[in-house]
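Residue strings, one per chain:
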Amino acid sequence: MSVAPAQAEAAERVLEVANLRAYYRTSYFGVSREVRAVDGVSLHVDRNEIYGLAGESSCGKSTLVKTIVRAIRPPLTIIEGSVRFDLGGRACDLYALDQARLAGLRWRHLSYILQGSMNVLNPVRRVRQSFVDFAFRHVGKPMPQFLRQVENHLARLRLEPAVLDSYPHELSGGMRQRVTIALASVCRPDFIVADEPTTALDVVVQKDVLALLCEVQRQIRSSMILVTHDIGVHANVTDRMGIMYAGRLVEEGRTVEVIRKPRHPYTAHLVTSLPRIGDAEPRKGLEGAPPNLANPPSGCRFHPRCPLAMALCRQQPPPMVDVAAGHRVACWAAAPPGPAVVS
Amino acid sequence: MSPLLDIDRVGMTYVSGTLLARRVVRAVDAVSLRLEAGRPEIVAIIGESGSGKTTLARMILNLAAPTDGTIRFLGTEVATIRSKRARMDFMRQVQPIFQNPFEAFNPLKRLDRYLFMSARRFAGARGAEIDARADRALHQVGLSLAEVKGRFPHELSGGQLQRAAIARALIPAPKLIVADEPVSMVDASLRMSIVNLFRSLRDELQVSIIYITHDLATAYYISDRVLIMQRGQAVESGVARDVLANPQHPYSRLLKESVLSPDDAGKPFVSANI
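In order, the protein sequence lines correspond to chains A and B.
Counting along the first sequence from 1, when you hit position 113 you're at 113 in my numbering, and nothing is skipped either side.
Counting along the second sequence from 1, when you hit position 214 you're at 214 in my numbering, and nothing is skipped either side.
Just so you know, these hints were derived from the structure itself, not from any lab.
One thing to keep in mind: the hints can contain errors.
[Stated by the list, open to error] The following label-pair restraints were derived from C-beta to C-beta distances:
#, chain 1, residue 1, chain 2, residue 2, range
1, A, R260, B, Q93, 45 to 53 Å
2, A, Q99, B, A65, 24 to 32 Å
3, B, Q248, A, G104, 49 to 57 Å
4, A, F134, B, K267, 50 to 58 Å
5, B, G50, A, F134, 47 to 55 Å
6, A, K261, B, A65, 14 to 22 Å
7, B, Q93, A, E281, 52 to 60 Å
8, B, E257, A, R218, 29 to 37 Å
9, B, A146, A, Y95, 43 to 51 Å
10, B, K267, A, R188, 42 to 50 Å
11, A, S27, B, R253, 53 to 61 Å
12, A, R148, B, G50, 28 to 36 Å
[Claimed, not checked] Chain B side only, calculated, beta carbon under 10 Å to chain A, not exhaustive:
#, residue
13, V15
14, L19
15, R22
16, V24
17, V25
18, S49
19, S258
For each residue, glycine too, the CB sits at the ideal point set by N, CA and C.
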């Protein structure tokens, strides 16, 4: 997978996120609180590419993808930044569209596999009706043809047509997950966002589901953002990956390089702390707790837990700096301040 | 040596439905396992969802009675423990740790309440000793009573909460801890601190641990022996390093091949069994 098809052809940007800030803002009885879940994230995704997002729980991964697909609800507000897609050959700013246009875009061009999507299927409707609810209006074919298309698509995901007549509770976890992948890909969208699609599954099923997800992605040539905290999944599936810590991107690059040569101490910790079969030398967990995003540490947000922290880290947040072609990192130790940074 | 825990061909059958539409599920089928007293070890029970791992744990903890076979703890058959006093005595020696620390504690109750209650009921502590016991147990897991006192579960991170759950289990000084997927809800960066903690419990406090998981890498890392289960049956068991390095049963091999390792970066991703 990581042979990077993006390199073979001219890299074409499908998604461009610029300096995105999204905070959870609440105000009760005159006490207002602001949780800075996404704080200045810029990234881009090319056509036919799988982009991975990693980081610990509560680092803002899910909030970031929610803002990317504009699935936000009130306490979550966009403070600044933009999300631009190139969907169906047309550039569009998701936040400038009205609801009707957005509804036409969803599922047809942009689909979203939610966290715990096993529980997304309506429990009192058969799977067939879920397909009709979600996808029928986007396909623009009469019902019999639409259902034939759905059956063909399910066959591609190695699901029997009989699945359509089942209720969700009659299917196993792995089958339900494949059904939600089928739902998200049946309209051959240009862009798929998958938020922890395999976290609830055990190892054997996880591998199958990921293999299918990649196969579908290759067949319909869409781009994908895959969110998971499992570095093993990223190593196998994604082309490029970004590491998030406390609402910010701290490192980004080609997956092979990020995992083999991590520059940020947090990434290095994530990669080296995992035990491997065949190697039992002692490994350490990360000390300290994840920062409270309502009151994040000053400067670099990782400094209270960082083994390399310097005085500068406490004062100034490090900028994202290119350290190699396509490899960016936000760390004062990895990219010391100097004339190169200022430019 | 006398056995600490002796599981002898234990089985569990769940029957559901009515007389005409009966469904019989054999959740655990003739599983045997022996842990020796005086030789603390970590035994990992590995298997996919639905392989009967949790049912086995519930039977060891006397939360469910086996339909056949016996489980003996220090010579007493666990299923015959009925009276309140005998149950308390058993719980003093065998303690559970559950998968999701956020579900294990009542979100409306302060966390120290659980620690104090365990100290009072299981360790028989009174007065100032209650606090001392709780504090000592918390120090064993790298926390302190000052950090935990008066706080609600949502005020702690998942890793801290799971440590507090382990501290609670340590208060009665148990001989055996049954940990059911203790790290699957804790994310990668904190997982290792919990796993290392289990190792130090074995080495320093002489506690035997039954570690139930589907994560082969951490099982390899900490356990002395493994038992691999598939559809209720034990398909392979032995010394952890040997079994996981060179699995013999086809199912154990499939499990090992399915582990996605960070070392695979750059290699093509293929799934063998689709």
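Hints and how they fare:
| no. | hint | verdict |
| --- | --- | --- |
| 1 | R260/A with Q93/B: 45 to 53 Å | holds (48 Å) |
| 2 | Q99/A with A65/B: 24 to 32 Å | violated (57 Å) |
| 3 | Q248/B with G104/A: 49 to 57 Å | holds (56 Å) |
| 4 | F134/A with K267/B: 50 to 58 Å | violated (35 Å) |
| 5 | G50/B with F134/A: 47 to 55 Å | violated (29 Å) |
| 6 | K261/A with A65/B: 14 to 22 Å | violated (55 Å) |
| 7 | Q93/B with E281/A: 52 to 60 Å | violated (33 Å) |
| 8 | E257/B with R218/A: 29 to 37 Å | violated (22 Å) |
| 9 | A146/B with Y95/A: 43 to 51 Å | holds (46 Å) |
| 10 | K267/B with R188/A: 42 to 50 Å | violated (28 Å) |
| 11 | S27/A with R253/B: 53 to 61 Å | holds (57 Å) |
| 12 | R148/A with G50/B: 28 to 36 Å | holds (34 Å) |
| 13 | V15 | violated (20 Å) |
| 14 | L19 | violated (23 Å) |
| 15 | R22 | violated (18 Å) |
| 16 | V24 | violated (18 Å) |
| 17 | V25 | violated (14 Å) |
| 18 | S49 | holds (5 Å) |
| 19 | S258 | holds (4 Å) |
Checked against the numbered hints listed earlier, the structure breaks hints 2, 4, 5, 6, 7, 8, 10, 13, 14, 15, 16, 17; every other hint is satisfied.
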